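**Student:** Sequence:
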Amino acid sequence: ASSLSKRGFGQGDVFAIYSPNLPEYAVAFHAVSLLGGIVTTVNPLYTAHELAHQLKDAGAKYLLTISMFLENAKTAAAETSIEEIFTFDPIEGATPFATLLQSDGSLPEININPAEDIVVLPYSSGTTGYPKGVMLTHRNIVANLVQMDGITGIDITNEDDIIMGILPFYHIYGMVVIMNMSLSRGATIVTMPRFDMVQFLELVQKHKVTRVNLVPPILVGLAKHPIVDQYDLSSLVELFSGAAPLGQALADEVKTRLNCRVVQGYGLTETSPVTHVYNQTRTESDKLSSIGPALPNTEVMIVDPTSGEPVGTNERGELWIRGPQVMKGYLNNPDATAATVDEEGWLHTGDIGYVDDEGFFYIVDRLKELIKYKGFQVAPAELEALLLSHPAIADVAVIPSPDEEAGEVPKAFVVLKAEATPESIMEWVAERVSPQKKVRRIEFVDEVPKSLSGKILRRVLVEQERAKSNN
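Numbering (the numbering used here), first residue to last: 19 to 489.
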């Protein structure tokens, strides 16, 4: 923090971290926070084009990355106002991160307004166009940590815990629930730059990991992969699943095989992120498909999406959320902010669910046209815009297609105007997007279903795809 300050980095300036999970990630993150700066965390799989968009939109001043990503970083930085690039590992052409650790430790006087000053600016995929910068304040992040401390009936993380840091720190889930919560409670984090099942199992066994935060696709592997039986995982106390719905059958399977608790949570980037947590120890009835009750100091309303009126118990509607963890808004996008957070402070999640007689919430569908690939959000509209620039494509619609391993994968319904194969189109897309955005299935059709106004009737295609999957 001291070295950054002496370089002229100050309150309100933006510092981008474009890196996989490393122990030093937390050092950089909190150094920027200490100065009243803003960290914008970037997906390390981003292309130079995607990186440049985020750097420009966020107004980043400095960029921190690793040597492997330096060329991408330089290409993106050339289009932006980046003043200096740092790398965690030394390489020619960038300033070593180690130079930032060489200082007298003196800091300027900083006066932070926790409720107003932004501390982190992660980007969240919207249903249209590029991802949007989510403005989260110091109060948002700290409030969410305190709210999780207040959950009753759950043995919370403590200083004796060894936490596996496999979910990316650039993502709000990894950033808050793994990195910040674990450090705030004095726990130890074992970082993994990228997920690999064998390495993961080896690290759990070697370090006697007690808790793992993960997503359902990893739970599928833990439930079904034969290699799991070759490792001693008896140190595991709890698995916390989030970012995508967890089915009861899968939760039961993992719980039985590994003999540890399975906890499910729910949240969004826009809610810093957690709003609900469920642990089976809270009730005698088994409700593992539930996201649980709301966190302390969190209001939840289930609303009819057509009328805007609240619905009753066990009736489906859109989840609206209000609480101290709700974002300040979207950066440079007042229209999107107003469409998501209303004048009374209710955040409209776009998720359809219901609440039962005991106050347990369930997610059953989405209003938002987003694809959840291994917990990552992918905007169909972004892929459609790209595909329409392909010389052989006349029209296209992209939807989520059910997938046992990934949850959902992007599938394109393509109307051709020239000869092309599904494989050639998928390769073409893969060269232009980060891995989670790859189109993984293509179906050629004569026309894309549309309304009279020309809007894609995505719901029609989604229902057709679900029917195929069920059959």
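Bear in mind the hints are in silico, worked out from the structure with no lab data behind them.
Bear in mind the structure is a predicted one, so any value in this text is a computation, not a measurement.
Some hints could be false.
[What the hints assert, rightly or not] List time: in silico DSSO-like cross-link candidates among lysine-lysine, alpha-carbon distance up to 27 Å: (1) K392 / K435; (2) K346 / K305; (3) K392 / K456; (4) K468 / K242; (5) K273 / K224; (6) K346 / K386; (7) K242 / K226; (8) K486 / K346; (9) K273 / K305; (10) K224 / K305; (11) K386 / K456; (12) K456 / K92; (13) K305 / K392; (14) K456 / K435; (15) K242 / K456.
[Stated by the list, open to error] Quick list of simulated restraints, FRET-style, between CB atoms: (16) G204 / I245: 26 to 36 Å; (17) A356 / R334: 23 to 33 Å; (18) G377 / E327: 14 to 24 Å; (19) E317 / S442: 44 to 54 Å; (20) I245 / A267: 34 to 44 Å.
Cβ coordinates follow ideal geometry from the N, Cα and C atoms, glycine included.
**Student:** Look at each hint and say if it fits the structure.
**Tutor:** A quick look at each hint next to the structure:
At roughly 33 Å between alpha-carbon atoms, K392 and K435 are farther apart than 27 Å, so this suggested pair is violated. Only pairs whose Cα atoms come within 27 Å are accepted, and K346 paired with K305 is rejected, the gap being roughly 33 Å. With a C-alpha separation of about 12 Å, the suggested pairing of K392 with K456 holds against the 27 Å cut-off. About 41 Å separates the Cα atoms of K468 and K242, which puts this hinted pair outside 27 Å; it is violated.
Simply put, K273 and K224 have alpha-carbon atoms about 21 Å apart, close enough for the 27 Å limit, and the pair holds. In summary, the hint linking K346 to K386 is supported, as the alpha carbons are separated by about 20 Å, within the 27 Å threshold. Distance check on the hinted pair: K242 and K226 sit about 22 Å apart at the alpha-carbon level, within 27 Å; holds. This hinted pair does not check out: K486 and K346 have alpha carbons roughly 41 Å apart, beyond 27 Å.
The suggested pairing of K273 with K305 holds, with an alpha-carbon distance near 13 Å, which does not exceed 27 Å. Restraint check for K224 and K305: the C-alpha separation of about 33 Å exceeds 27 Å, so the hint is violated. Distance check on the hinted pair: K386 and K456 sit about 20 Å apart at the alpha-carbon level, within 27 Å; holds. This hinted pair checks out: K456 and K92 have alpha carbons roughly 24 Å apart, not beyond 27 Å.
Distance hint between K305 and K392 is fulfilled; the C-alpha atoms sit about 23 Å from each other, no more than 27 Å. Between the alpha carbons of K456 and K435 the distance comes to roughly 22 Å, so the proposed pair stays at or under 27 Å and holds. With a C-alpha separation of about 26 Å, the suggested pair K242 and K456 falls inside the 27 Å cut-off, and the hint holds. Taking 26 to 36 Å as the suggested C-beta distance range, the pair G204 and I245 conforms, at roughly 33 Å.
Restraint check, A356 to R334: a C-beta distance of roughly 25 Å satisfies the suggested window 23 to 33 Å. At roughly 20 Å, the beta-carbon separation of G377 and E327 lies within the given 14 to 24 Å, and the hint holds. E317 and S442 have their C-beta atoms about 50 Å apart, which keeps the hinted 44 to 54 Å range intact. A hinted range of 34 to 44 Å is violated for the C-beta pair I245 and A267, which are about 21 Å apart.
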